[in-house]
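Residue numbers (numbering that gives the first Met the number 0), protein chains in the order written: chain A, 0 to 525; chain B, 0 to 360.
FYI, nobody ran anything at the bench for these hints, they're computed from the structure.
A hint or two may mislead.
Result set (DSS-like, lysine-lysine): computed pairs, CA atoms no more than 27 Å apart in a straight line [to be verified]: (1) A:Lys446 to B:Lys347; (2) B:Lys67 to A:Lys446; (3) B:Lys347 to A:Lys364; (4) A:Lys446 to B:Lys330; (5) A:Lys364 to B:Lys321; (6) A:Lys446 to B:Lys195; (7) A:Lys342 to B:Lys347; (8) A:Lys116 to B:Lys195; (9) A:Lys261 to B:Lys138; (10) A:Lys261 to B:Lys321; (11) A:Lys446 to B:Lys226; (12) B:Lys321 to A:Lys446.
Values in this document were obtained by computation on a predicted structure and should not be read as measured data.
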Amino acid sequence: MSHWGRAAGAGVLMTAGLAAQILNPATLLQPTPDTWPMYNGDYSGRRFSKLEKVNAANIDSLSLAWVFRIGAGESGGAIKATPVLLDGVLYFTIPDHVWAIDARDGREVWNYTWESKGGIHIGNRGVAVYGNWLYFETPDCNLVSLNLKDGKERWHAPICDLDQFYFGSIAPLVIKNHIITGVSGDDLDIPGYIESHDPETGALQWRWYTHPDPGDAEAKTWPSVDAMMHGGGMTWGPSTYDPELNLLYFGTGNPQPVIAGKARQGDNLYTESIVALNPDTGKLAWYFQPSPHDTHDWDAIEVPMLIDGDVDGKPRKLLAQASRNGYFFVLDRTNGKNIVSTKFANANWAKGLDAKGQPIPDPAKMPQPDGALVSPNQSGAANWPPPSFSPQTGLFYINASDAWSIYYIYDDNEKPEGWAGNDRGGHSQSSLEAIDYRTGKIVWSHKWEGAGSRAGVLSTAGNLVFTGDAANNFVALEATGGEPLWHANLGSSVTNGPMTYELDGTQYVVVGAGDTLWGFAMVRKQ
Amino acid sequence: MRKTVWLILGIGAAALNGSAQALPEGPGKATYQRACGACHSANMVLGRGMSRDQWGTVVTDMIAKGAKIKDADLPVIVDYLAKSFPPGAAPASTPGRRRAGGGFGLTMGPNDRQVVDPAAEARGRTVYIAECLTCHGSKARGSRDDAPESSRGPDLVRSLVVLHDRYGNTIGPFLAKGHPMQSGKPSASLTEPQIKDLSHFLHAMVDETLRSGPYRQPINVLTGDAKAGQEFFEGAGRCGSCHSPTGDLAHIAGKYDPVSLQQKLVFPRTFSLGRGGRAASSQPVMVTVTPPTGAAVTGTLAHLDDFNVALRDSTGAYRSWKRTAELKVEKKDPYAAHVELLDVYSDKNIHDLLAYLETMK
Chain A
0 MSHWGRAAGA GVLMTAGLAA QILNPATLLQ PTPDTWPMYN GDYSGRRFSK LEKVNAANID
60 SLSLAWVFRI GAGESGGAIK ATPVLLDGVL YFTIPDHVWA IDARDGREVW NYTWESKGGI
120 HIGNRGVAVY GNWLYFETPD CNLVSLNLKD GKERWHAPIC DLDQFYFGSI APLVIKNHII
180 TGVSGDDLDI PGYIESHDPE TGALQWRWYT HPDPGDAEAK TWPSVDAMMH GGGMTWGPST
240 YDPELNLLYF GTGNPQPVIA GKARQGDNLY TESIVALNPD TGKLAWYFQP SPHDTHDWDA
300 IEVPMLIDGD VDGKPRKLLA QASRNGYFFV LDRTNGKNIV STKFANANWA KGLDAKGQPI
360 PDPAKMPQPD GALVSPNQSG AANWPPPSFS PQTGLFYINA SDAWSIYYIY DDNEKPEGWA
420 GNDRGGHSQS SLEAIDYRTG KIVWSHKWEG AGSRAGVLST AGNLVFTGDA ANNFVALEAT
480 GGEPLWHANL GSSVTNGPMT YELDGTQYVV VGAGDTLWGF AMVRKQ
Chain B
0 MRKTVWLILG IGAAALNGSA QALPEGPGKA TYQRACGACH SANMVLGRGM SRDQWGTVVT
60 DMIAKGAKIK DADLPVIVDY LAKSFPPGAA PASTPGRRRA GGGFGLTMGP NDRQVVDPAA
120 EARGRTVYIA ECLTCHGSKA RGSRDDAPES SRGPDLVRSL VVLHDRYGNT IGPFLAKGHP
180 MQSGKPSASL TEPQIKDLSH FLHAMVDETL RSGPYRQPIN VLTGDAKAGQ EFFEGAGRCG
240 SCHSPTGDLA HIAGKYDPVS LQQKLVFPRT FSLGRGGRAA SSQPVMVTVT PPTGAAVTGT
300 LAHLDDFNVA LRDSTGAYRS WKRTAELKVE KKDPYAAHVE LLDVYSDKNI HDLLAYLETM
360 K
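This is chain A alone, in the form it adopts within the complex (with noise of 0.2 Å):
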């Protein structure tokens, strides 16, 4: 189903861009420890870190440097941004607002506010930054291009139809002269697509669908082209590239009707899948199925990080993802093959895997008109908050939770739609958990007090990963063992992926928790 848009004109006013360029895309490749110029921090997602600065030996000494908070008071909006750092400013978005901040002291520079025509204000990833220009999608389906030297507005363009109810919450990526787009929404049943956009004029470059097109093998996979092409399979999670391999990697979601599978037999390709596109022209390289026919709204849209490692003493370009269904995935970026598959947290809805080293659902613990005790529960054993990879360790760290709910069918008409059931109540309690990738083997596991830890992670060279606790703590651990080193209560659980950088000799480490965005450095006057 992908097709090229309307890409005339791109190449000369690409020419144009470059000349008063603050961040050339070619850097993208190498980021600076005085940056972070990705929702990610760099291309592979690992969110790793070489500053050392602040360490496991002289954490103590980690104090508050400054707090913004956005005042948005009652009327909410977490941060669930990870701010993108170019030139000692930070940009960072909720639904609808952006604001840039001096990365030193935490004083704004300008703030953008969108007026909003609707859709779901659930949460807003961030930005990404081309050029002289920034680029953030909003709920009511448009990808905003701003001014990052003052937050006007240069442009906008429509990235989805908000009749239909999708709506805009991803951080956009920028490869190359390509602005990438993915879209929300569950609530009708509409089709999932990704999109690239030129950076210039917000022309649509390319569109892929997540789903086959009719004819194809994997259109089997439906019992019609009517279901698989209103099946689901939204791209509301953040992409990963290869720039050796030009591969752009990102999961898809939940198939549609959500809950109810009874019309939808089969796979439902290329819903909950981690799939690889050419970001030049949005051609299929490959797809696996982290949960074939889920009825449990398990999106697949992880990180997909991406890992350089010996696997049986061999170099290998690998994938890893911790997915929501509960099990840890090792490909081979190179062509999709699978080489781990494990649960890193409970999961009973699982048979066993196939060839392929996907897990086989079983029936009797999808949704059911009188409740199916299953584990996860919908919220998972992971979600988006993003998860670690430390070279240094070779631990990936994720906030895994065993969660139990059970799950009815609430609409039995012959043909349901939308979500057509949902889960209810549940058990949880969550862990900071440390896997050796080439395994899935969790190495240590440290248990937080109680349920609701849902905070990303950072690992860094100083030997430290920096994540919430379940109790509004923004903890430090000893990368190696887990032992918590470091905390600070800040009154609400984090709510972003941390991050962290150096200017002036003075690392920071910045984490958001509700309205507010706090920067911890060893602040000492020189």
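With the hints as your guide, set chain B onto chain A.
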């Protein structure tokens, strides 16, 4: 700090402030804001209207998904929501949300969504039954796959003509072009009021499909075998070691509706509202703290993380300690046996247990 931010924000502040002011005053507002406001905007609840039981379900669901709401705050929050947003409530400030009538926490779609007028919807249903039903089905979800060629029609809930429509402004022109109708009359003969009524009916069918629609309740959970439930209760489930059918469980089926009772049975910690919306709070977790010197203190757990522990002792006094290797902390969860069962019992066991509990009217 906040005032300064408002000034700097300008237009943004006005927009944010606008929704802030819209949250109604009432007992429990501050508790609601503290517990829910960090993640949810006022838009999440504005324009919703649900019963206390339904709000209870929403809030306990959020607890299960990680919301940090204290047992004591649960009924306060549910009361605030139930009083502020009863069934049918819809503030004028959010016209597009009126139909939501019991949403499930998310405000979706365009702000200018059609507000369905129930009287017009009823009239529109009559037009629909007379002219459209044969091909488009009773719920406007299209004909059955096995329908004869002559009466096949597409799904109108998924139709862009319908989804882009407001009060007939795309449906009208579409029908004016000519479209087969059941009566054989030309579709252009439909009057403007009939088209508007039809539009209300079709938007109602779209709304029904959304998460805010009527399909938000389990249909029937009483499918188990009471006798097998009793066997599990007395045998493998070891339920009798804490509970008694004639003691604490006497008349339990009168206190909770079947779905709530099923939830309470499996997840006693997160589900704590009774039939009719009475608060039935969970039992607290107990903790015993033993300092390196001095006597052990036992009380109800107030807070516990890797760094600190706090409790209320038998006199109600609040006490807290920094956690060290020398400080012993022992937690006792009265529901630990329920948690252990999660990996033990089958769905059949749960349905059977519920059937058994239902005998305790």
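How the hints compare with the structure:
{"no.": "1", "hint": "A:Lys446 to B:Lys347", "result": "violated (31 Å)"}
{"no.": "2", "hint": "B:Lys67 to A:Lys446", "result": "holds (17 Å)"}
{"no.": "3", "hint": "B:Lys347 to A:Lys364", "result": "holds (12 Å)"}
{"no.": "4", "hint": "A:Lys446 to B:Lys330", "result": "holds (14 Å)"}
{"no.": "5", "hint": "A:Lys364 to B:Lys321", "result": "violated (43 Å)"}
{"no.": "6", "hint": "A:Lys446 to B:Lys195", "result": "violated (58 Å)"}
{"no.": "7", "hint": "A:Lys342 to B:Lys347", "result": "holds (25 Å)"}
{"no.": "8", "hint": "A:Lys116 to B:Lys195", "result": "holds (23 Å)"}
{"no.": "9", "hint": "A:Lys261 to B:Lys138", "result": "holds (17 Å)"}
{"no.": "10", "hint": "A:Lys261 to B:Lys321", "result": "violated (54 Å)"}
{"no.": "11", "hint": "A:Lys446 to B:Lys226", "result": "violated (39 Å)"}
{"no.": "12", "hint": "B:Lys321 to A:Lys446", "result": "holds (18 Å)"}
Of the numbered hints given earlier, the model fails hints 1, 5, 6, 10 and 11; all others are met.
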